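The two chains are supplied separately, each in an independent frame; assemble them into the complex guided by the hints.
Those sequence lines, one after another, are chains A and B. 237 is the number that the UniProt record's numbering gives to position 237 of the first sequence; each next residue is one higher, with no gaps. 147 is the number that the UniProt record's numbering gives to position 147 of the second sequence; each next residue is one higher, with no gaps.
Don't read these hints as lab results, they were simulated from the structure. Keep in mind it's a predicted model, so treat the numbers as computed, not measured. Backbone N, C-alpha and C fix where the C-beta goes; we use that ideal spot for every residue, glycine too.
Now the stretches of chain A that chain B is said to cover, found in silico as 3 or more residues with beta-carbon under 8 Å: (1) 5-16; (2) 95-101; (3) 104-113.
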Amino acid sequence: MNNFSVLFQKEWRENVRNFKILWIPLVFLLFGISEPLTNYYLPQILNAVGNMPEGAVFQLPEFTPEQIVMSTISQYQFIGMLLVTLGFAGIIARERKNGTATLLYVRPISYISYVYSKLFIMCILVIGSAILGLLANLYYTYILFGTVDAGAFMGFLGTYIVWLLFVISIVLFSSAAFSTGIASAVSLLLVLFVQLIDGLLGAYWTISPWKLPMYAGEILNSSVDMTLFVWSVIVTVLAIIILLVGAVYFAKRNVSKTKI
Amino acid sequence: MKTLLHMQGLTKEYGKEKAVDDVTFSLNKHTSTALIGPNGAGKTTILSVLAGLLKQTKGSIVFDGEITEDFRKGIGFLPQYPKFYSWLTALEYTEMTAKLSGVDVKIARLEAEKTLEFLGLGDAKKKKTGTFSGGMKQRLGLAQAIVHKPSLLLLDEPVSALDPIGRREILNLLKELQASTTILYSTHILNDAEEMMDQLLFLRKGKLVEQGSMREVREKYANPVYKMYFSSSEEAARFVELSPWSARQENSIAFIHIEEAKPLMNEVLRVLSDSNLSLSKVERATASLEEIFLQVVNKG
Numbered sequence: 001m002n003n004f005s006v007l008f009q010k011e012w013r014e015n016v017r018n019f020k021i022l023w024i025p026l027v028f029l030l031f032g033i034s035e036p037l038t039n040y041y042l043p044q045i046l047n048a049v050g051n052m053p054e055g056a057v058f059q060l061p062e063f064t065p066e067q068i069v070m071s072t073i074s075q076y077q078f079i080g081m082l083l084v085t086l087g088f089a090g091i092i093a094r095e096r097k098n099g100t101a102t103l104l105y106v107r108p109i110s111y112i113s114y115v116y117s118k119l120f121i122m123c124i125l126v127i128g129s130a131i132l133g134l135l136a137n138l139y140y141t142y143i144l145f146g147t148v149d150a151g152a153f154m155g156f157l158g159t160y161i162v163w164l165l166f167v168i169s170i171v172l173f174s175s176a177a178f179s180t181g182i183a184s185a186v187s188l189l190l191v192l193f194v195q196l197i198d199g200l201l202g203a204y205w206t207i208s209p210w211k212l213p214m215y216a217g218e219i220l221n222s223s224v225d226m227t228l229f230v231w232s233v234i235v236t237v238l239a240i241i242i243l244l245v246g247a248v249y250f251a252k253r254n255v256s257k258t259k260i
Numbered sequence: 001m002k003t004l005l006h007m008q009g010l011t012k013e014y015g016k017e018k019a020v021d022d023v024t025f026s027l028n029k030h031t032s033t034a035l036i037g038p039n040g041a042g043k044t045t046i047l048s049v050l051a052g053l054l055k056q057t058k059g060s061i062v063f064d065g066e067i068t069e070d071f072r073k074g075i076g077f078l079p080q081y082p083k084f085y086s087w088l089t090a091l092e093y094t095e096m097t098a099k100l101s102g103v104d105v106k107i108a109r110l111e112a113e114k115t116l117e118f119l120g121l122g123d124a125k126k127k128k129t130g131t132f133s134g135g136m137k138q139r140l141g142l143a144q145a146i147v148h149k150p151s152l153l154l155l156d157e158p159v160s161a162l163d164p165i166g167r168r169e170i171l172n173l174l175k176e177l178q179a180s181t182t183i184l185y186s187t188h189i190l191n192d193a194e195e196m197m198d199q200l201l202f203l204r205k206g207k208l209v210e211q212g213s214m215r216e217v218r219e220k221y222a223n224p225v226y227k228m229y230f231s232s233s234e235e236a237a238r239f240v241e242l243s244p245w246s247a248r249q250e251n252s253i254a255f256i257h258i259e260e261a262k263p264l265m266n267e268v269l270r271v272l273s274d275s276n277l278s279l280s281k282v283e284r285a286t287a288s289l290e291e292i293f294l295q296v297v298n299k300g
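Here chain B stands alone, though its shape is the one from the complex (with noise of 0.2 Å):
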């Protein structure tokens, strides 16, 4: 797989304040990244960066093979509140923006029609920004961000202020564009965004706490659990008894967690067999997404 860009020990200081402190990371030709951290954990400044909106303090960003200060060429860049100007038509507006981004003039309006298309903008591209709902601006917001085809797709919470259907819509969108382009996105949403991420990047105060892919991640911090269905709860607790891991009881449900991939199911229904208890389920269950983000943010 190759690299596409890569950021060595990126910091950005604001006076004695470090919004980004010596991060580093790759990201790989057509994956999709996402950085993950609460509010103010410096998400938001690293796109930034990265759109060339802001200067680092110290790093290097080496891109598509290039040490280079403006990437502006090769990146789409949406932010969370994308603002327009009210008194364009979408198709302006797309149209614009293409040419800004360096396509040529000759098919600019096109490929805005095309894109505005794409988005489900097709019917309100005469209409101007100004009327558009919250959903309509993200999809537009979108359209600016990939009518020139950038190779990086930088998303600021590209889903965080739209409602169930819209964040559906536009996380179908975006595993779309995947195929063509390299995604790295912010969120603090996790749910929606866990089908969609190839690699993770953890962020704290600054600080990149942890990375990996999504199984990497989970295996680390999931602490999977063996969640087994009694038919009462002293038939649990007689269970708990017997097993020699460690095991606990809540109610009629027993919970024996996994460490290493030990204990091996076959082991504890050796264990079933020989006590007589009635079990009726066995699940096998991983923390989610939002247990690990929680667990990673506050380690240390």
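Same shape as in the complex, but just chain A (with noise of 0.2 Å):
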């Protein structure tokens, strides 16, 4: 990988001195510690602050501990991928727009090189920090409402981890292709609203990228209807690589619009 290491090393250094490297992975983790935590002490939290009328009852459900991790992924879809896609989707097109990259480009560069250094620090603070938060909240989730079968948990993680490549790869690929305006405007697009309506409307069909994560929980329950995942799974592999491909394309075309 010609050059790889020397780009991939300025995007370390740039997450380092950004600390993007620190409060990444601390948001993916208070979330990961908050949902047991809260779930569990509920009761005496509306019993001391609730201002609860005297006498009041409350019926709350019986958490199983997989559902406080379903739950957790929840926070996930939506503060999680939120951050992921304003926070990144001017990982190139920033470059572009400042100047910065212009010095890059007029050297031998391979943009193969350059998207995929840009891909492996995404990978390592979203991944990274999505797998770090979950497994806090598996370890509270272990203490307060007990045990969740470790392969199950590796199958769900797993499954996870093959979404969150697809959000990145979208914001990538939305970067490489856009200004961050607009790259910020599709990522968020593609990932958050088509989310929403595949919750919506999403019964009429059943091989889709944005039905990972609901696949992920039902792995965990062991209740997943295997053909549909593998196909949703082959089908988001693909999609992966055609938007990497298309990163790549794009990263070099858009070179002459890095400002001079």
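In structure tokens:
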């Protein structure tokens, strides 16, 4: 990989020095830990600060450990994805816009290495943070609610990582193809809005990348339809490949748009 | 003298707009060439095509004997306003650009340090580029452009944004560099650059309107004059009357236009000695590059 290590070192230094390496994992950890804690202590919290009328009785549902993990995922699916799309929409576009990329593009770099250095750093930050958050989540869930089957959790985690890769590819592709503003809009649309549509109207189809988080949850509950799941993964992997090839293509094509 | 680069009929269109229109020129090795023209004449576009940032619509470029689309290995490029990653130190940045330009990983750091030292940034090499002043940024921009010892150095307005001291320093550095590389730079400030150009390329609205060495262009456009200083304006007027050449008078100074090296000085002196006028001083004045620039870009 021509130049990859040099370009990756630059990405690494950037994200260490702007503290993304710190605050992105912190956000995922926070949501990972707060979900089991607040669910477990909800009765006490309501008693202490809920301002409940005298004698009010609440029947709170008994959560299974799997439900706690899944409710964490629903937090990640909104706040986490918002963070990823908005936080990284400029990863290529901003460099072009502010002119720092010009002095990279005039060198004999390979655009595959260029895009992959960005892909790699995003994987480390996003997937690494999600794994960290989910492991912390698993630990607290285990202490407060009980055990989750290890094999099912691995399957769940693997599936969710494929979904995250899909999101990362969308953001990277948009950033290579469009300006930062449009890239943010396109990524938000493709990640959050389509997810919403899929949730509302998704009963009519079963194979879709946007259903992967749902299938991940079903794997955790051991209730997944393997055929549909495998097809969804295949479609997602194909989409990831197309998006990444497209990202390299547009990164190269848009060289002339860099500010000189 | 060996040719490093030959550009033939380069044209760059944006829609119907021609930013560069059929430009042909050659660069000889170890020479410096100035691209001169008003804003929007196509100087930056030509440099950008050579830097591989833009693709020409038409035309070919032969670089060091090869017809190629990608000369990025052999060039160093300094944009007019170089932008750096503010979170990298000058040394980290220069080392990175050296490696990306193909300098051996083992010696990249050493080369980067030497280059920064050469450009007077030795003390600032551990500082983040975000804290740099304009002059330091220009030096760092030059550092990243020369760290890999390119055979062609492309500079877009290298001194325009600097104060007179900074300008002088950068120009001296460039003169030093010319021994080891070929320089093509654009400018619209001519006086400072006057001493550092073997070839002039005048651009107007994307077209190459004039080219040649400083002397050739001077001879063609400079319209040299003899400035004759007399003791009074009456004497000057009398001299203009007597002179058989086209002459004019301004206060106590008479101007004789020299065309094709005529009249000769001794002819002028003969007229003077016959007339008994008291001449205090004679000057042979040529038009400044600035005046030539205006003439060239305004013609046609």
